[in-house]
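My request is simple: use the sequences and hints to build the entire structure.
The numbering of the first sequence is my numbering, which starts it at 1 and goes up by one.
A few of these clues could be false.
To be verified - In silico EDC-like links for lysine to aspartate or glutamate, alpha-carbon gap of 20 Å or less:
{"hint": "1", "residue 1": "45", "residue 2": "66"}
{"hint": "2", "residue 1": "274", "residue 2": "82"}
{"hint": "3", "residue 1": "240", "residue 2": "350"}
{"hint": "4", "residue 1": "125", "residue 2": "94"}
{"hint": "5", "residue 1": "240", "residue 2": "273"}
{"hint": "6", "residue 1": "207", "residue 2": "168"}
{"hint": "7", "residue 1": "240", "residue 2": "111"}
{"hint": "8", "residue 1": "45", "residue 2": "65"}
{"hint": "9", "residue 1": "241", "residue 2": "102"}
{"hint": "10", "residue 1": "25", "residue 2": "66"}
{"hint": "11", "residue 1": "274", "residue 2": "372"}
{"hint": "12", "residue 1": "45", "residue 2": "21"}
{"hint": "13", "residue 1": "169", "residue 2": "111"}
{"hint": "14", "residue 1": "274", "residue 2": "79"}
{"hint": "15", "residue 1": "336", "residue 2": "372"}
{"hint": "16", "residue 1": "156", "residue 2": "8"}
{"hint": "17", "residue 1": "153", "residue 2": "273"}
{"hint": "18", "residue 1": "116", "residue 2": "91"}
{"hint": "19", "residue 1": "169", "residue 2": "206"}
{"hint": "20", "residue 1": "108", "residue 2": "230"}
{"hint": "21", "residue 1": "125", "residue 2": "102"}
{"hint": "22", "residue 1": "169", "residue 2": "230"}
{"hint": "23", "residue 1": "274", "residue 2": "376"}
{"hint": "24", "residue 1": "45", "residue 2": "178"}
{"hint": "25", "residue 1": "367", "residue 2": "350"}
{"hint": "26", "residue 1": "241", "residue 2": "350"}
{"hint": "27", "residue 1": "336", "residue 2": "297"}
{"hint": "28", "residue 1": "241", "residue 2": "82"}
{"hint": "29", "residue 1": "153", "residue 2": "181"}
{"hint": "30", "residue 1": "153", "residue 2": "120"}
{"hint": "31", "residue 1": "367", "residue 2": "273"}
{"hint": "32", "residue 1": "274", "residue 2": "75"}
{"hint": "33", "residue 1": "108", "residue 2": "91"}
{"hint": "34", "residue 1": "274", "residue 2": "120"}
{"hint": "35", "residue 1": "207", "residue 2": "230"}
{"hint": "36", "residue 1": "153", "residue 2": "102"}
{"hint": "37", "residue 1": "50", "residue 2": "8"}
{"hint": "38", "residue 1": "125", "residue 2": "91"}
The set of hints was computed from the structure by calculation and includes no laboratory data.
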Amino acid sequence: MFAIVDCDNCYVSCERVFHPELNGKPVVVLSNNDGCVVARSNEAKMLGIKAGMPYYKMMEQHPNDDIAVFSSNYELYGDMTDRVMTIVRNDVPEFYRYSIDEGFCNLKGLEYSDLKAWGEAMHKKIRQWTGMPVSIGIGPTKTLAKVASHYAKHYKGYRHCCMIDTQEKRQKALVRYEIGDVWGIGRQYSARLMGMGIQNALQFADKPQGWVRSVFNIVVERTWRELNGEDCIPPEEMSKKKSILTSRSFPDMVDDIDTLRTSISNFAVRCAEKLRRQRSVAHGVSVFIDTNRFREDLPQYWNSSYETLLTPTNSTQAIVQAAFRCTERIFRQGYKLKRAGVMVSDLLPDTAIQTNFVDYDAESYQKQHRLDEVIDRINRINGSETIVLGSQQYTAQGGKGKAGVFRDSIRHEFRSPNYTTRWGEIPEAD
DNA sequence: TCTGGGGTCCTAGGACCC
DNA sequence: TCTGGGGTCCTAGGACCC
1 MFAIVDCDNC YVSCERVFHP ELNGKPVVVL SNNDGCVVAR SNEAKMLGIK
51 AGMPYYKMME QHPNDDIAVF SSNYELYGDM TDRVMTIVRN DVPEFYRYSI
101 DEGFCNLKGL EYSDLKAWGE AMHKKIRQWT GMPVSIGIGP TKTLAKVASH
151 YAKHYKGYRH CCMIDTQEKR QKALVRYEIG DVWGIGRQYS ARLMGMGIQN
201 ALQFADKPQG WVRSVFNIVV ERTWRELNGE DCIPPEEMSK KKSILTSRSF
251 PDMVDDIDTL RTSISNFAVR CAEKLRRQRS VAHGVSVFID TNRFREDLPQ
301 YWNSSYETLL TPTNSTQAIV QAAFRCTERI FRQGYKLKRA GVMVSDLLPD
351 TAIQTNFVDY DAESYQKQHR LDEVIDRINR INGSETIVLG SQQYTAQGGK
401 GKAGVFRDSI RHEFRSPNYT TRWGEIPEAD
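In structure tokens form, the structure reads like this:
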């Protein structure tokens with residue numbers, strides 16, 4: 001049997017831990033730049049606020065509703081959810097983190113204990129120790145566990161834990177489950193399935209396997225098998241990433257290369273840090289830039305550029321320089337850019353670097369490596385961006401540009417403090 | 001005025017090889 | 001008029017997830 005532990009309205013719940021007066025009230029958390037609604041409390045959902053709705057539209061549509069609004073604070077959410085997942089990990093034979101707010105447990109060996117009681121106790125413990133409300137679904141496959149967690153979340157009677165462990169329970173759960181809510185069935189597939197008269201998960205699961213395979217593909221077929229009780233999604237302990245992307249939308253549009261380079265530099269530095277954290281090196285670096293697709297009145301331009309590095313690396317300097325070269329190749333005068341990003345790909349373990357004869361210089365390589373290590377350590381202890389490259393802090397707009405004070409150019413007007421990681425710090429005092 | 005930021009896997013088709 | 005039969009690798013695009 002598998003269990004999934006899933007934080008309820010994760011980001012909202014993190015904020016509420018430090019604002020208990022907001023329990024029972026509508027609360028939303030916004031994406032970067034305070035752009036879209038990315039998390040909603042149940043009360044906010046009941047007001048009809050949709051996920052992904054632009055913040056300004058929410059304000060237009062709800063001028064008189066008393067809605068608490070937070071900018072996203074990933075440092076806080078990351079730390080809170082780490083605590084939750086640690087509690088679970090320490091209590092089960094096998095655990096893997098699936099996303100920031102979910103983790104799967106393999107409960108093998110516990111089959112003869114009362115798993116439902118285990119789930120209820122787990123919920124209680126997490127709530128007590130961290131303040132985070134979670135829902136727990138248990139089933140013979142991960143997809144069925146997901147179905148179960150949906151019921152745990154929406155029906156009080158389950159006391160935060162629902163288990164599918166018999167055929168009758170499976171059928172009862174699936175017949176009332178919309179096809180589009182099934183894990184692995186997204187918008188496109190559910191539209192097609194509905195067109196064929198398949199509304200709920202049981203109708204889908206009852207179709208012949210060969211039909212599913214021939215009309216769709218092996219991915220959808222795998223979901224079908226899971227719904228029929230066959231475990232076939234491999235655990236994949238979120239091992240190392242195969243590519244790493246750092247990208248942002250700009251709060252204001254960018255049309256000069258110096259400002260763009262500053263952002264690209266920041267993104268490349270983040271990519272290099274993430275590479276080193278997972279002990280990988282990258283063979284490829286790419287950069288993309290994009291105008292604002294919502295502004296049909298402005299000329300549109302998007303492009304990307306990729307380059308292969310002679311020697312795979314995770315050195316900040318090498319990756320920033322490659323990203324700069326990519327940027328030069330695609331930047332065009334006269335376009336207002338809204339978004340850009342840096343991606344490192346073709347990742348390899350840092351233990352197996354295939355060096356290149358032409359440009360490999362062991363001494364400077366070692367030097368750079370030690371420098372990166374020291375900077376990582378300082379930034380880990382003192383907070384990220386304690387030390388930055390010169391190229392990261394150019395500010396054309398100037399303004400707050402106190403020398404040596406690096407600020408990312410992201411709007412987050414309603415950000416809460418990093419309660420659990422940096423006491424006393426007031427982010428974005430200005 | 002104002003619209004996020006990450007990832008994964010699969011498939012079809014083209015280039016290229018013998 | 002009629003023009004083989006395999007392979008592999010890479011890429012772009014499309015689907016999905018959170």
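Cross-check of the supplied hints:
no., hint, verdict
1, 45 - 66, "holds, 13 Å"
2, 274 - 82, "holds, 17 Å"
3, 240 - 350, "holds, 12 Å"
4, 125 - 94, "holds, 19 Å"
5, 240 - 273, "holds, 14 Å"
6, 207 - 168, "holds, 18 Å"
7, 240 - 111, "violated, 31 Å"
8, 45 - 65, "holds, 13 Å"
9, 241 - 102, "holds, 18 Å"
10, 25 - 66, "holds, 8 Å"
11, 274 - 372, "holds, 12 Å"
12, 45 - 21, "holds, 18 Å"
13, 169 - 111, "holds, 17 Å"
14, 274 - 79, "holds, 17 Å"
15, 336 - 372, "violated, 34 Å"
16, 156 - 8, "holds, 13 Å"
17, 153 - 273, "violated, 37 Å"
18, 116 - 91, "holds, 15 Å"
19, 169 - 206, "holds, 15 Å"
20, 108 - 230, "holds, 15 Å"
21, 125 - 102, "holds, 16 Å"
22, 169 - 230, "holds, 16 Å"
23, 274 - 376, "holds, 10 Å"
24, 45 - 178, "holds, 18 Å"
25, 367 - 350, "holds, 16 Å"
26, 241 - 350, "holds, 13 Å"
27, 336 - 297, "holds, 11 Å"
28, 241 - 82, "holds, 19 Å"
29, 153 - 181, "holds, 14 Å"
30, 153 - 120, "holds, 12 Å"
31, 367 - 273, "holds, 17 Å"
32, 274 - 75, "holds, 15 Å"
33, 108 - 91, "holds, 12 Å"
34, 274 - 120, "violated, 36 Å"
35, 207 - 230, "holds, 15 Å"
36, 153 - 102, "holds, 13 Å"
37, 50 - 8, "holds, 16 Å"
38, 125 - 91, "holds, 11 Å"
Hints 7, 15, 17 and 34 from the earlier list are contradicted by this structure; the remaining hints agree with it.
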